[in-house]
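Student: Residue numbers (numbering that gives the first Met the number 0), protein chains in the order written: chain A, 0 to 268; chain B, 0 to 263; chain C, 0 to 264.
Don't take each hint at face value.
Here are the simulated PhoX-like cross-link-like pairs (lysine-lysine), alpha carbons at most 20 Å apart as the crow flies [as the list claims (entries may be wrong)]:
(1) A/Lys-7 with A/Lys-198
(2) A/Lys-78 with B/Lys-255
(3) A/Lys-126 with B/Lys-255
(4) C/Lys-57 with C/Lys-234
(5) A/Lys-114 with A/Lys-133
(6) A/Lys-143 with A/Lys-167
(7) A/Lys-223 with A/Lys-247
(8) A/Lys-126 with A/Lys-1
(9) C/Lys-104 with C/Lys-156
(10) A/Lys-143 with A/Lys-126
(11) A/Lys-75 with C/Lys-104
(12) A/Lys-143 with B/Lys-255
(13) B/Lys-255 with C/Lys-156
(14) A/Lys-143 with A/Lys-15
(15) A/Lys-134 with A/Lys-1
(16) C/Lys-104 with B/Lys-13
(17) A/Lys-213 with A/Lys-223
(18) A/Lys-167 with A/Lys-82
No wet-lab data here; the hints were simulated from the structure.
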Amino acid sequence: MKPLLTIKNLVKVYGKDTRALNGISLDFYPGEFIVVIGPSGAGKSTFIRCINRLVDPSEGAIIFDGQHMEKLSWRKLRKERSKIGMIFQHYNLVGRTNVIKNVLHGQLSNVPLYKSLLGLYRYEDKKEAVELLKKVGLQDQIYKRADELSGGQMQRVGICRAILQRPKLLLADEPIASLDPLSANIVMQQLHTISQEKKLTCIVNLHQVDYAKKYATRIIGIKKGAVVFDGAPSRLTDAMIRDIYEGKESQLKLKGESGMQLAVGQNDE
Amino acid sequence: MEHIRVTSKGSLGKSLLLVLILGAVFIAAVNLINLDMLKFYERLENVPDVLSRMMAVDFSIVPDALLNIVTSLALALLTLFVAVFLAMFLSFLAASTIAPNRYLAIFIKGFFAIIRSVPSLVWGLMVIASLGFGNVSGFITILISAVGYLVKTFTGSIEESGGEIIEAMKSTGASWFKIVYHGLIPLCITAFFAWITVCFEMNVSESIGLGIIGVGGIGLLLTQAINTYNYGQTTTIVIMICLLMVVLEFVMTRMKNIIKFGNS
Amino acid sequence: MNNKTIHKIPLDQRDSKRTFTVVAAIFAMLIFSVVYLKISFIDMFMGLPSFVMFFFEKFFPPNAENLKQYIPSVVDTLGYAVISTYISTIIAFIFGILISENTNKFKTLRVITRGFVSILRNIPFIIWGALLVYIFGIGGIVGVLALILVTIGFLSKSYAESIDEISGDKLEALRANGSSYFQILFHGVIPQFVPAWINWTLFAFEINVRASAVLGLVGAGGIGVLIDTNINLFKYEEAFSIIAVIVMIILLTELVTNSIRKRFV
């Protein structure tokens, strides 16, 4: 099978010599649900932001859907970015705008400015937006202002916005790190269901190893800017997890009874 | 095919109404006032001529202008000092959290609200009418508006941050004066300094503006240059005023930061 | 151990030398100011009382006979403030976008706009009035022009600061899904900016009303010229009634802007 996204020797250096990414090479195939784990500061966030060039990589190649992302001009980059949905830790909704408009922001790249200003989105886009909101259980909140929602609800709007882009790839940067356990569960569940339904490739950064094991088809462990584990969840042993979180054990919390289930302390950065 | 609205019912009508009202206010304003565009267009022909003559600098005025800038600054500084003293005293009497007498506090606040609502140049006209042209008039005028400004801002700072300290010190049985001296002044002093730097900038700008109506300083020099149609001098003085204010803004911002974050 | 040291337990670790130099410097500057300005202390302390005496003797009571004749000037004064606020809010918004790092990535353009705006802001408004009257001649339009220039200076800086405060995170989502610059601006920046915009613009309107009331002093139209002429003709009581009218206008404006603020922000 041809990979959807190929990353070759990705390096990111901040300032003079802070190496956030230290030569990462990976292939991602269509339909995978990949979870990236690792302690904070390992470079997970930088890695995922390099894919759609919210962060410009220092070296290396990112080939998405046959395009070299790192070489694209501004205009072409926008077109490629519209094929990549993204979900953020802090939701990044426009707070004073209502929920459905926030979801429709996912289609902004396909709508000329004057139409979007007048709210003249295509009918099928609006219909899909409403359907998506129904699917995540927000049908009663459609015309509420986004900043009136709870964190979990905001993140579900964030998911709808990303899905409305009809992306080929979905990136999620710590989608549940700012949520309480209950909302985190719902959000993760919905993210998983929807991406399976739409047969999306997903790359998700997570702190919580137990969630990673529950949903991922493939887990990637990152430590100090390099890949230290890459494989099926079943192959991820406790020893490996300890190795990944070495020196940052406080972020890793073993759940008492089972011994196998691992969770990471709520680290909210 | 059912229609899916992007905004909730009624919100579109509301924003439309708002736009209409705003537009109506603007059109009403344009129609009500007598702008006399024709005359303005006629005069526009002379403008390039005036502007080209203003494209000159006259360095001979620089020493004189510098002396006058010192006058403006000295006036602003002297007033600032006196105003800070008066305002410190008054604001502790006026802040509702610490005021010894409620009615006195309300009176002070109301009195200075009225004082503030008179523009400083109007104060200037009245003061000059009674004390004549000169630095004393400038001093009194700036003093009035500076005290007005500082009483308001100081009172605000005290009321904003003082509540808990006052309660704590009252419970130890401290007197009014002790609460103010040992509790509130150390607490509010940084906020006060920030207001004082702003007030100094305002004072300088006022002392320049007052020159227009005959108080001394760089403003007066500019008025003289304008009245004698001395284009080069006018341009030079305006540039110097601008430089003065930019430097002042920079210095005051630096001072505010030093006071706020320490010397490092 | 010496007895004296026991009694003196310092409560502060402050460097007393430095405090002393600062206080000494301030006093030196003050004395210099008094000497330089040739103000006698008697004048300084007697100035305020004698002004108050004069005020109650000459300005009091206000002469309200000609109150009706002021109405056109009052309307003009308010009209100038309204028009200049409208025009400057639009121009200042564009400048604000050009100054804020959030919306303008070109550093040279940012610096140039910032410098230009700082010139507008830093010259006192009455000086702008005098200068523009010098260039364009007297008249109401000149007053409006002066108000516009000063308000652009004030608002651009305030707007830019508010746009800076909108966190880059919020805009990151729109950047990540391929929205164009103007779409990010209109769908991301502007909705978040609205409360600050209302607040600053109302504030600018208050300032404009005050400024517009005195611009008449330099011949730029409005009610200010009436005070000047009446004082010059020694009609103090009539001047006072005009001043009272100005105070009413200003207080009413603040009342209105505050109630709008409460409703919308």
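Student: It remains to establish, for every hint, whether it holds in the given structure.
Tutor: Evaluated hints:
no.: 1; hint: A/Lys-7 with A/Lys-198; in the structure: violated (25 Å)
no.: 2; hint: A/Lys-78 with B/Lys-255; in the structure: violated (47 Å)
no.: 3; hint: A/Lys-126 with B/Lys-255; in the structure: violated (54 Å)
no.: 4; hint: C/Lys-57 with C/Lys-234; in the structure: holds (9 Å)
no.: 5; hint: A/Lys-114 with A/Lys-133; in the structure: violated (25 Å)
no.: 6; hint: A/Lys-143 with A/Lys-167; in the structure: violated (29 Å)
no.: 7; hint: A/Lys-223 with A/Lys-247; in the structure: holds (11 Å)
no.: 8; hint: A/Lys-126 with A/Lys-1; in the structure: violated (33 Å)
no.: 9; hint: C/Lys-104 with C/Lys-156; in the structure: holds (17 Å)
no.: 10; hint: A/Lys-143 with A/Lys-126; in the structure: holds (18 Å)
no.: 11; hint: A/Lys-75 with C/Lys-104; in the structure: holds (19 Å)
no.: 12; hint: A/Lys-143 with B/Lys-255; in the structure: violated (42 Å)
no.: 13; hint: B/Lys-255 with C/Lys-156; in the structure: holds (18 Å)
no.: 14; hint: A/Lys-143 with A/Lys-15; in the structure: violated (46 Å)
no.: 15; hint: A/Lys-134 with A/Lys-1; in the structure: violated (32 Å)
no.: 16; hint: C/Lys-104 with B/Lys-13; in the structure: violated (35 Å)
no.: 17; hint: A/Lys-213 with A/Lys-223; in the structure: violated (25 Å)
no.: 18; hint: A/Lys-167 with A/Lys-82; in the structure: holds (6 Å)
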